Amino acid sequence: MSTIIIAFNNTDIAFNISPKPSMEAVPCSQLYYTVCLLSLHNHHHNFLFNQFHKRMISLRVPAPSSFNLQRLNSQALERRWRLGRDCFLSFSPSCVENRIGLGVRSTKSEMAPFTAAEEETLPEGLQPELMPKHVAVIMDGNGRWAKNQGLQPWDGHRAGVEALREIVELCGKWGIQVLTVFAFSTDNWIRPKIEIDFLLSLFERTLKSELETLAKNNVRISIIGDSSKLPKSLLEVINEVEEVTKNNTRLQLIVAVGYSGKYDVLQACRGIAQRVKDGEIDVEEIDEGLIEQELETNVTEFPYPDLLIRTSGELRVSNFLLWQLAYTELFFAQELWPDFGRNGFVEALMSFQQRQRRFGGRKS
Amino acid sequence: MGGEVRQLLEQIHRFSRRCLFRVLSMGPLPTHLAFIMDGNRRYAKKRGLEDGSGHKAGFSTLMSMLQYCYELGIKYVTIYAFSIDNFRRKPEEVQSLMDLMLEKIKSLLDKESIVHEYGIRVYFIGNLGLLNDQVRAAAEEVMKATAKNSRVVLLVCVAYNSTDEIVQAVKRSCVDKADRDTERIQLVDIEENMQMSVAPEPDILIRSSGETRLSNFLLWQTGNSQLFSLDALWPEIGLRHLVWAILNFQRSHSYLEKRKKQL
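For the protein sequence lines, the chains are A and B, in the order given.
First residue of the first sequence? That's 1 in the working numbering, and the numbers climb one at a time after it.
First residue of the second sequence? That's 1001 in the working numbering, and the numbers climb one at a time after it.
These are calculated hints, taken from the structure and not from any lab test.
Computed from a predicted model, the values in this text were never measured in an experiment.
Ideal placement from N, C-alpha and C gives every residue a C-beta, glycine not left out.
Careful: at least some of the hints might be erroneous.
Here are some chain B residues pointing at chain A (derived, C-beta under 7 Å) [said to hold, decoys possible]:
1. Thr1163
2. Val1175
3. Ile1185
4. Leu1187
5. Val1188
6. Asn1216
7. Leu1219
8. Gly1223
9. Gln1226
With the hints as constraints, model all of the structure from the sequences given.
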């Protein structure tokens, strides 16, 4: 299920695109209205209308809701837009949400600056010397969370952003050096182009607005993934953000966009093959260290996560990281990502600290 | 008298197992199962046995698990027998493990072994050059002897590390594509040079003894596999764990198939 909100002559229009028949209780009348409006104004969107038409038949028609044009322009929808626009990243591979905001930021979701003076002591039960240096997170379950709450999908992502901010703050406070998050997978490229365009423009806008906050909090951002398919403007923003924050030391936030573990190894292989071709190294000299250097996670001092957390109860890695997960402790949380928060994080850390890591050897 | 009773019990077990498997096969079954056989030594310690017997108990558990898998109709089974990291253990332990492996590999060639009963084709995956000559020769002999079997497949990962497998595949890809444009190296080029390319990707990876990590096993192939971490130690693993894992797999299978179709 994915949702697109289009800013259209200052009128907010929301409609749903489903890859398959959706059981969402979408007011059909609203849907038809919005799609007709679009196709009238811009023939470019006709293909959407055609797609919709086929899917409309299978949409469940709910009890008739009073719908009128005024409601579209009402404060309620505008507020939801603003909140939806605060979505920092779209992370759930199963639910990609895109929106173009009105350019207004909600102050509620601004990350509170944390300084050394406010450094929190670790909660009861956690030992500082056993804290992981690098934590990786697969933030799964935003769409399902929104569905369970009876909210719209973009609300799920807004809640997901809040959860991410909380975790980033906690990592900064508790001395975790690197946090890797899974934003957009190579599998997501097969989604409709219009969706991807919205998503990437959202990402760009959010990076621009978050830059100041990150710099203030001494957070370094690195983006990894296949940048060849990203639009130029986004690449420029990424370069700028990485450049501005590159000397920050408190926490390194690695965002994986257009990334998959196999792709990472493939591009490392290509780099090595090129070096072999150039005569720089011999084929026999290729070893694990060389591949490690060529992987995209070489942007950090600690490329291997100590702990990988996946929420929403799915028991798989989904090709997130590959090489780097060789000895990573995996933690599968039952909660959906927006519910994960501090409690879930503490539980994951406690579980991590109790594990015996032997790396193939023996504990004598 | 005791022997007859035992035989009768075994017949009953076999029959009830067949019924159970028939019920299970109403739903989707995995094609490829992978096991990390962890916890042998802890088991021996727990039972107060001598050191080597944990691994022996582990081997008999392995045989019964293979039997259940092949009876159920799972075509590929991969096991993590010995990692390259395990060479770092005490030399005595490594040596006793090597001796046990040599003995068991040779026993696979027996007429009554499980290999002949189920028509298993055996592969030994890993950096076999790191093994001593006897073990390597025995492994190669088994691979040659079972090359014609085609019903089911057993992949034994010995002297194996997933990162090592990837390094070897990268080396071979570089050599293959040396004369061509390096940008044209694709995923399939690396994948076809992997030793594990003889089998599809595992549907389920089961690790015993409660640890939840991959330990450098099948990193490339388990991207979309369901990972189960069972608290029981490997020699304690039995039919109920297998059934539980398969039921869980069946529960999430339909959702996954839909996602795969979308891809």
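(request) Grab the minimum C-beta distance from B/Val1175 to chain A and call the hint holds if it beats 7 Å, violated otherwise. (result) Result: holds, 6 Å to nearest chain A Cβ.
(request) So, B/Val1188 near chain A? Judge it on the closest CB pair being under 7 Å. (result) Since the shortest Cβ distance to chain A is 10 Å, the answer is violated.
(message) Is the interface hint satisfied for B/Leu1219? The criterion is a beta-carbon contact with chain A at less than 7 Å.
(response) holds (5 Å)
(message) So, as I understand it, the hint says B/Asn1216 touches chain A; can you test that by seeing if any CB pair is closer than 7 Å?
(response) holds (4 Å)
(request) Mind checking the CB of B/Thr1163 against every CB in chain A and telling me if the closest is under 7 Å? (result) Hint on B/Thr1163: holds, closest Cβ of chain A at ~5 Å, below 7 Å.
(message) Tell me if the interface restraint on B/Ile1185 is satisfied: Cβ within less than 7 Å of some Cβ in chain A.
(response) OK, holds: B/Ile1185 within 7 Å of chain A, min 5 Å.
(request) Have a go at the B/Gln1226 hint: is there a Cβ in chain A nearer than 7 Å to its own Cβ? (result) holds (5 Å)
(message) For the restraint on B/Gly1223, tell me whether the closest CB of chain A is nearer than 7 Å.
(response) At 4 Å from the nearest chain A Cβ, B/Gly1223 passes the 7 Å test, so the hint holds.
(request) With a cut-off of 7 Å on the beta carbons, see whether B/Leu1187 makes it to chain A. (result) holds (6 Å)
Violation of the numbered hints given earlier is confined to hint 5; every other hint is satisfied by the structure.
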